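Enquirer: Taking the UniProt record's numbering, the leading residue of the sequence shown gets 1, the next gets one more, and so forth.
Capping the alpha-carbon separation at 30 Å, the derived lysine-lysine pairs in BS3-like fashion look like this: (1) K14 - K120; (2) K122 - K45; (3) K80 - K119.
Everything labelled a hint here was simulated from the structure, so no lab data went into it.
Values in this document were obtained by computation on a predicted structure and should not be read as measured data.
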Amino acid sequence: MSSIEILPDVLEYKPPLTEQSTEYATITNNSSETIAFKVKTTAPKFYCVRPNAAVVAPGETVQIQVIFLGLAEEPSADTKCRDKFLVITLPAPHDLGDKSVAEAWPELEAEFGSQAISKKIKVKYAQNFEPEVADVKTNENKEETIPVGTKKEEEVAQEENMEERENTSSAEITPTSATTDLSTNQLEKKEEKQVPEDVKEHVPEKSAETISNNEVYQPQSSSFVPPIIVAIIVLLIALIVRKFYL
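Make the full structure from the sequences, and use the hints.
Expert: Structural data, given as structure tokens:
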């Protein structure tokens, strides 16, 4: 077992890559003295590391948040991420006092640089990632199993028989409109056949003098001459004859 263990080898970020996401790295100090570490990256504009420098006591483990800030747009499927991180550890046996690790780092590097342990961590975009869907079992397609001969089975059978009887009764009782009209016509024809011929009312035919509403009345011309006209004609003839002989 190494005295300093740094994991993982690859930080894998899942889509959507246009949103912020976080992965984690760990540093475990298996040695007997305190160590200090510092994290560097090739793409500081796209990542935020917390903490990026700190100390790790003997036998302890520190978890580092590596926050991916997201891209402007989703990369293509064949895009390979070339971003990397470099984790450097140095022995830190002395008390740093009021100084932070970042402030004391140049001194530690100058004194213990030959004992430095470093590791490169690559970054990968998991573009073919498919989120796992929980296998939720529902009872929608499940049929209830009823033991044969149980009381519940008999109740179900009775209910089904009742429904069938109700459907049959409604189908027999409810006549269709076509059947009703046919029955009415048959009854009317039957009644007409039962009426004797001598009892039927005689309907008189239309006389020649009957004038309908749609007909126009035209008086017939007559050859009758009034007596006055005949007398006048006779008188005129007598006058003509008398004048002729005189």
